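> Here's the letter readout for the chains.
There are 2 protein chains.
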Amino acid sequence: MPGHFPKGMSLAKKTAAANGRVQRVIIENVKPEVEDGGFPVKRIVGETVEVTADIFADGHDRLSAEVLYRPASQAEWVRVAMVPEVNDLWTASFPIASPEDHLYTVRAWPDAFQTWAHDLVKRRAAAQDLSLQFLIGAELVASAAGRARGRDAERLRQDAKSLKQWGDSDPDKAYRLAEDEELLVLMTRYADLQTASTYPRELSVWVDRELAHFGAWYEMFPRSCTDDPARHGTFQDCIARLEYVAGMGFDILYLPPIHPIGTIQRKGKNNSTEPAPDDVGSPWAIGSELGGHTSIHPELGTLEDFKQLLAALKRHGMELAMDIAFQCAPDHPYVKEHREWFQIRPDGSVQFAENPPKKYQDIYPLYFDNEHATELTKELTRVVLYWAEQGVRIFRVDNPHTKPFALWEYLIREVRRQYPDAIFLAEAFTRPKVMYRLAKLGFTQSYSYFAWRNSKWELTQYFTELTQTEAADFFRANLWPNTPDILNEYLQFGGRPAFMIRLCLAATLGSSYGIYGPAFELCENRPVRPGSEEYLDSEKYQIRIWELDRPDSLKDLITRVNLIRKANPALRNHRSLQFHQVDNEQIIAYSKMSEDGTNVLLMVVNLDPHYKQSGWIELPLDYFRLEEHQPYQVHDQITGERYFWQGSRNYVELDPQQIPVHIFRLYRHLKTEQDFDYFL
Amino acid sequence: MPGHFPKGMSLAKKTAAANGRVQRVIIENVKPEVEDGGFPVKRIVGETVEVTADIFADGHDRLSAEVLYRPASQAEWVRVAMVPEVNDLWTASFPIASPEDHLYTVRAWPDAFQTWAHDLVKRRAAAQDLSLQFLIGAELVASAAGRARGRDAERLRQDAKSLKQWGDSDPDKAYRLAEDEELLVLMTRYADLQTASTYPRELSVWVDRELAHFGAWYEMFPRSCTDDPARHGTFQDCIARLEYVAGMGFDILYLPPIHPIGTIQRKGKNNSTEPAPDDVGSPWAIGSELGGHTSIHPELGTLEDFKQLLAALKRHGMELAMDIAFQCAPDHPYVKEHREWFQIRPDGSVQFAENPPKKYQDIYPLYFDNEHATELTKELTRVVLYWAEQGVRIFRVDNPHTKPFALWEYLIREVRRQYPDAIFLAEAFTRPKVMYRLAKLGFTQSYSYFAWRNSKWELTQYFTELTQTEAADFFRANLWPNTPDILNEYLQFGGRPAFMIRLCLAATLGSSYGIYGPAFELCENRPVRPGSEEYLDSEKYQIRIWELDRPDSLKDLITRVNLIRKANPALRNHRSLQFHQVDNEQIIAYSKMSEDGTNVLLMVVNLDPHYKQSGWIELPLDYFRLEEHQPYQVHDQITGERYFWQGSRNYVELDPQQIPVHIFRLYRHLKTEQDFDYFL
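Here the protein sequences line up with chains A and B, keeping their order.
Residue numbering for the first sequence follows our numbering, starting at 2 and increasing by one per position.
Residue numbering for the second sequence follows our numbering, starting at 2 and increasing by one per position.
To be clear, the hints were calculated from the coordinates, so they are not data collected in a lab.
Put simply, identical chains are the same to the list, so a pair is met inside one copy or across any two.
Below, a list of computed lysine to aspartate or glutamate pairs in the EDC-like style, where the Cα atoms sit at most 20 Å apart:
(1) Lys359 with Asp62
(2) Lys165 with Asp348
(3) Lys32 with Glu471
(4) Lys360 with Asp130
(5) Lys379 with Glu338
(6) Lys360 with Asp486
(7) Lys308 with Asp422
A quick note: this is a predicted structure, and the numbers were derived from the prediction, not measured.
Based on the sequences and whatever the hints tell you, model everything.
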């Protein structure tokens, strides 16, 4: 079949929409657009969406183009004129003013009036006779009058008449009318859209609240909220500790799973397969005869205690993030009641988790490769909806990449439909394309590779990708220097300075970041064995007592950094991230700027936790709107120190034994003697 | 509406295709794919299509993936296994064996058998008990047997039985069977495709004959095939000149429009608006009372003469390219018979071509912005089909970018449907995105910016874009150093060496190239006035007599270059173009290699038409499969000179007064004394 066009493009189709008339304008390469519009773009309330598109037509007519957008609850499109840039690229932006999803698309048409008006200028400059041209213009205006109503129609009818009349009697007057700005506005408002092309897809924006994009997370084990290893911490103990956590400025308290812990094949301390009778087990081995994913571990308290914790968090201006780990201990009720949700082996036993030759006999994965996947998906959705009903809105999802994408696509949509303020954090430490897919299909944010990006080159590459490519439209990284599973080499060997460095990097490179504490602020850095990223005496398997008031705790620095984050809108604008040259590979420098350009932060970090490092930093003065010959001030938000810099190259020096980081606020305008009256 | 997904993704839909089972594999970023599959990829018979895709699933299962392709006339898909590369990228390629359009898509699934077999190796290495595993394997094989037929089914049933039986009695034997290559082939052939994901689009390949991609074009004015300016050349004169043109090795003879030339507002010599009575006019001012686009200018001959020309071309191994210029002289029959196909001004006159303040009163453009566009499109399609019926298959389309894209999309598809061997060359000297759009919608090839790309940087940039980006999948450039409209500065000032240089660049950078002769081979370089790209005494407005046997004619060089093109398959493989470093900005070096790697050409061109230039060229030895320590030969295909080179850096020197170009064929294997018997 020669001439095969997959999309179909019969002449009838091409012209049908326009009453036998041809749509001449092509609109392509619309951005932002995630995977051909198959997935939404993400924004939070208050952000803007900058839309670009390649727009062109045959011939030499002037085109008009506009972005059409609307909040999903509103039927009418709002029109925003697009502006042509170089090489047929057009741009416009629209605001996200309300906390609901938005839709947008692009429309463009050959603009006969603008073409006429533009040519008229050139004809007049060449002293050509314009009388016929005014007749042509009058026809265009009269035609627009036919599409207009009320006063607009009246005005257009009058202008058409005037153009015709003055065209003969007073060409100068007619010419002035042709160039009239108000007439142009009306002619655009009532443009002939019969031949307009509309981009075939309506693209969508998922609009979230600010915490979806910008927040500081604190993870802790509730059972360790105790001063006696023999006494299991409870939700009430958590409530008592909130002052400490909220005092450091965190927004979200994230707790590992709070459900009954399996007893069959329970793991002992340090992941031992031979537990002591009093070992508490891993919270991720979910379910026992006491209940499953909608039950609460009795040692933590009751549902009522849990609700009190939610209320206490609210009083502290915080929220709870719940751990969603869809896997079962062997004694989880599902195993008896729904064997069809597990893989059954030929000998009738349930398949446990394996990564051959490793066996995880304490965990039964759920099984989606049979015809019960739909029921199972609905049940798991019910679980999340249950907790949403109890007041939870933030869900940290454990290993989502080991369950089908379709589960999450369905579940997140369902929860979000009933609870539009729900937030899902994907704990998908896996391959890049899988992480991105989970983000596209609906996860609000995701853990990232930050923990393993420690050198200047790695950090620059990775965060340039996350903020300067299309990934920024759908993937929101959450930066964790540590987690209960990850105690990286850098922290193991870098001592307290390493913790300071990684904290500041996480808090300033990431809009969202989190720490697993109190291990983090107390600089816990002993691995279970050399070469492992697992903690020694990991809280995953035992209760730990933490000495929160140790003098070397980083809690004051953390408090300061979280204050800086809240006070500086630059840190909310991840798209503004720029890295700057420093002539020392151990020093990284980067900046962020608020959308309105008034708040600029410059971070300078010594990545070497052992030695003092110094170097010359090179700043793009134009970008910062600084003058080559006028000094400016950089004000360290951590120490309060102020430096006066001038020009693009300035010296920095950072000692890890003191504080290895500058978080400078940059002040453009310093007074000089020329600012005084007597110089005017 | 929170959770809005434009594509829709109900759970039902996600699982429907698979009997309630979930499709877990994601297939995205399939290449080649032109604009979301909206347009075909282009290939010629004998080429291959290399398909890549990002393919991944949740979890850790091993996946299988395949490209499905078929010639459009064949109902059954052919399956080609894809191979995983780095970062979830999979690849496969398929051949274009028949001269018809092809379709392809991608399918992938979690491969339970391969996962099982892969894990089995690890379990065995860990000395685990495998008996249960063999039962699991036997179930998988038995299930495949149920999907197979005949001997395959028999073999699979037998293997399932053996696995089960030997699993207990002879684990080593069972293990060997599990690893058996033939079993793997059968298990893939009869894989469980119930949970397979298929890429949602079937992509298409437009398959053309070789001339669509690789050919040498020669443009000439038939009326100048005369030795007396007062005697109008005819088709019969063209026939007589074919020996000259074919002798130079050209494949296609392209003639400007052959239709009756308008008499109203006819232009005189050098575009004068005051023609002499005997002025012949511009062939692009089409139509008079003698006829329009399906008529032949009587001064050239009759339809019979035209057919004789077609036959004569065929005898010379050549084809004719006809000029399709959809515009009318004021006395074209359409103007009287179909005023609705023109724009009528308020005073009742027909709108002539304008680019204000310039007026082209001899040309009436056709008008598509009313409800008659469909009829007009059909009429213009009829014109092309008429000439196709007369035997023309190659159409050089004048200014397609000044008519609606929808016209060409319809017309080319219609013509190609009836004449699959039709070739359309777009003369769209316009903005890049418009050029690309015309290529996407169906033009076989396109004029390019080559005429204005003269420096090393410009040439490198432009041809890297055309051959190394996705443009190579849909845009085929035709390179013309000159046309009747374009006598560029470089040719005006560079003398005969400039013509040699531009000829060789066009013929070796381009798979298709053309010259406008005899102006080109006779190095005609006088512009109508300084700063203009128009020729003095342009053939567009008058008959020119050319002294074909002038001793400084480039015809021998052209003949040689066209022979080199035919003899070296490397020059047909535009995707293989690579530029190489030379430490002199006036010398450009680049290579092409045949698909099988056996034919390698290295072009070295002195871009300075005035001075001798020399430099060191740097070749990637690995890429050419050359050894650092073994000399190789470069054999100049123009001069016959041979050089022995060694290592990656070699010296070149080119004198424009002699010949400013090397076209080296590179010979890898030189005999050395070690090749003789006595060394063995």
